[in-house]
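For the protein sequence lines, the chains are L and U, in the order given.
Just so we're on the same page, this note's numbering is the position in the first sequence counted from 1, plus 37.
Just so we're on the same page, this note's numbering is the position in the second sequence counted from 1, plus 37.
What the hints contain is simulated information worked out from the structure, not anything from laboratory work.
Note that the structure is a prediction, hence the values are computed from the model and not measured.
Errors might be hidden in some of the hints.
The list makes no distinction among identical chains, and a pair is therefore deemed to hold if it is satisfied within one copy or across any two copies.
Unchecked claim - Derived lysine-lysine pairs resembling DSSO-like cross-links, with alpha carbons at most 30 Å apart: (1) K46 x K293; (2) K472 x K410; (3) K66 x K132; (4) K410 x K166; (5) K166 x K448; (6) K171 x K410.
There are 2 protein chains.
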Amino acid sequence: MSDHKIPYKIYLEENEIPRYWYNVRADMKNKPAPLLNPATLKPMTAEELGAVFCDELVSQELDDATRLIPIPEEIRQFYAMYRPSPLMRAYRLEKALGTPAKIYYKFEGNNTSGSHKLNSAIAQAYYAKKQGLKGVTTETGAGQWGTALAMACSYFGLDCKVFMVKVSYEQKPFRREVMRTYGADVTPSPSTTTEVGRKILADHPGTSGSLGCAISEAVEVATHTPGYRYVLGSVLNQVLLHQSVIGLETKAACDKYDIHPDIIIGCAGGGSNLGGLIAPFMGEKLRGEANYRFIAVEPASCPSFTRGRFAYDYCDTGMVCPLAKMYTLGSGFIPAPNHAGGLRYHGMTTTLSQLYHDGLMEATSVVQTDVFKAAEQFARIEGILPAPESSHAIRVAIDEALRCKERGEDKTIVFGLTGTGYFDMTAYEKFHDGKMTDYIPTDEDLAIGFAGIPSINL
Amino acid sequence: MSDHKIPYKIYLEENEIPRYWYNVRADMKNKPAPLLNPATLKPMTAEELGAVFCDELVSQELDDATRLIPIPEEIRQFYAMYRPSPLMRAYRLEKALGTPAKIYYKFEGNNTSGSHKLNSAIAQAYYAKKQGLKGVTTETGAGQWGTALAMACSYFGLDCKVFMVKVSYEQKPFRREVMRTYGADVTPSPSTTTEVGRKILADHPGTSGSLGCAISEAVEVATHTPGYRYVLGSVLNQVLLHQSVIGLETKAACDKYDIHPDIIIGCAGGGSNLGGLIAPFMGEKLRGEANYRFIAVEPASCPSFTRGRFAYDYCDTGMVCPLAKMYTLGSGFIPAPNHAGGLRYHGMTTTLSQLYHDGLMEATSVVQTDVFKAAEQFARIEGILPAPESSHAIRVAIDEALRCKERGEDKTIVFGLTGTGYFDMTAYEKFHDGKMTDYIPTDEDLAIGFAGIPSINL
């Protein structure tokens, strides 16, 4: 209001929607390692990748040299339905915490998919349509990516087949109906509709599923159905590229209002939101123009950065996808049932893995009861009901703000609020009823996953 | 984008949040009839109303002369969390319909309560707190009002007891958890916790409830518990006053971008959204400064405007509340189970009733399968999943736009998109599965309700 120089909600104009995505790999001295063909162990070629992914997306996937890639006008027009998303100043949270820190969050939840996932979904659907495809397949964890893709496919008139991690499918029955509203087919994973699904079910009867399983099933269907390709909502370079729109808008808003972040925080499952949020800031750091602390927050139940290994590993449980060099818990690692469905992936995008390995960013893990405490606190103070995934970032943002209070430091904290929790009320219910438990895998638990990591040295 | 003079989303600045609510009654020649004491049949005094409602809200309720009422700064600051809400230009819907009409919608769903209800909830909670009360009671239909009030009470540290219409309570289990996240108590209505609830259950075993029943229960608890008052999310003059913020922002956005609405459309349950949306435009019409067509849209299953009687009637099923002169189906009318929970009220706010009676606005009714067809079409084209209630307005906006197409008229249509449908997926599921049926009461059905309308002539 009138007593603040900076409004509660910073909205850029629609003509300030970025015209280019920023490819942070172009500024990395140590490039992310290439994907490997699981049969030959040689770098995947464009032709090989083209059997699974759309052609234009393959070229984005392999391009680690072009800094700026134009956003097609059709995509910018779709973005204009819900972008620029607001950069919020958490005046109320600051006051409630009594911290001298300034807290901002980039809110990506104000669209029907409920998260940032729509930013890449629409790009991938656009390129699939442009290539003349009939449809796409994918997996979804929390259901946000599936919803986003269903919306994007509906917009361009593409078929959309979604494999949904079984635990989320059961906890979020209404997500399926949202996807159906947009015309998608949704199957709980592992399913009996694919070879790989049947194998996983035989090996792990009663499994609640994982993103790795669902990916394997979606890839199988895409590669066995003419006119279909597979699309993925996280992990890949192309997804980080599309998600750079989050960081570019955040940077533009910061520049416009003379805001200088010290710490930038995001939750990390596959890494797409975090990679997108930090991209232009990381670019400045890589080019020596500015310095920032970047913090990846992951669940203690699935700690790929903080307890995983930096190694070539399979991206999916079925081992049909290429290998990626990344922080991983092993493709055979199946996390304990954890309500943050979108953070159940065993690995981490190669770009962030390399940046973390090179000491350019930090990572931390948090247990989910602490996460839900922060979520409820945030909901009551800031008025937005956050997704459990996003709440990992809230937890650490609050912790950092309290550290500033202890030390009397007025740092500027920016975090990514990736989505809303309207479809996560089963998890909130468990939390309210005191029935939520924390799970931290033992070293022995992790050893089982690590045993499946192939021994490859290049 | 750059090729449009008017953006997809018109956002006003935070300092353009209205500083005054507009009281349309001040400009009405024929004032809405006063509320009557059910015991004496004389106009309710401020003192009598004060036993049920907060003092400041009572004075707003009775004031039909003051045109502009200042919005306290604390409320404006809360509004700044989610207001000004965007006025959206439905370019895509226009194109899909092939209509020369220009379609705008004021979107009130971008807040955690998911609807416009928060606009009045925060005002009522503020005045309750200011009066030093311990807590408030209320009813909720679709759950949007209950959620909004829970958020508002949490913000000001007030207790919040919510009676939720049983059909909604059962269809929307997650709503309860959202309210709990904000610390509210939620009871399905009719319940056995109140005298009036027990009576209704005895008279109508197996009833799915109605807003009228829930109101009676909430009032009973408020008037029997020290330090409590009752608050209501619709119907009352004070609520229409608070909701005028919707119309004032819409008007400001129209003025700023030189938009001249011809037709303004809103769904009508108790009338709060419609009354708020049209208020300043109706003011111009009443003062002879401009002309508009106003269309209230109600469900065919609960057609108070289109098939009801203009008469003094009880506001609640239990007949404990004051009588209001309004379009009513009779306080004993219990609508068939209808998924638009927020439009199940037997009556209509006195202000809109008077305006409709005086020929200053129109009304129409629609069946719910047609409503859901429009909802799904809108979701796919405009990307927002609408609440069933809001979708009544979408249905008629589309119909009017198609009429413009037939006649080659480029009218400007503005409608209220009051909320999102994330918690209405059970209804969408029925629609997708072809299990949704339409219900239009027969004249005999209506006669039962009419029989309960008291014979009063003033």
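Going through the hints against the structure:
1. K46 x K293: both (13 Å within a copy, 20 Å between copies)
2. K472 x K410: Classified as within: same-chain Cα gap 13 Å, cross-chain 40 Å, threshold 30 Å.
3. K66 x K132: neither (41 Å within a copy, 47 Å between copies)
4. K410 x K166: Classified as between; 26 Å across copies, 43 Å inside a copy.
5. K166 x K448: Intra 45 Å, inter 34 Å, cutoff 30 Å: neither.
6. K171 x K410: Cα proximity of K171 and K410: across copies only (25 Å, versus 45 Å in one copy).
In the structure shown, a violation is registered for the earlier hints numbered 3, 5, in ascending order.
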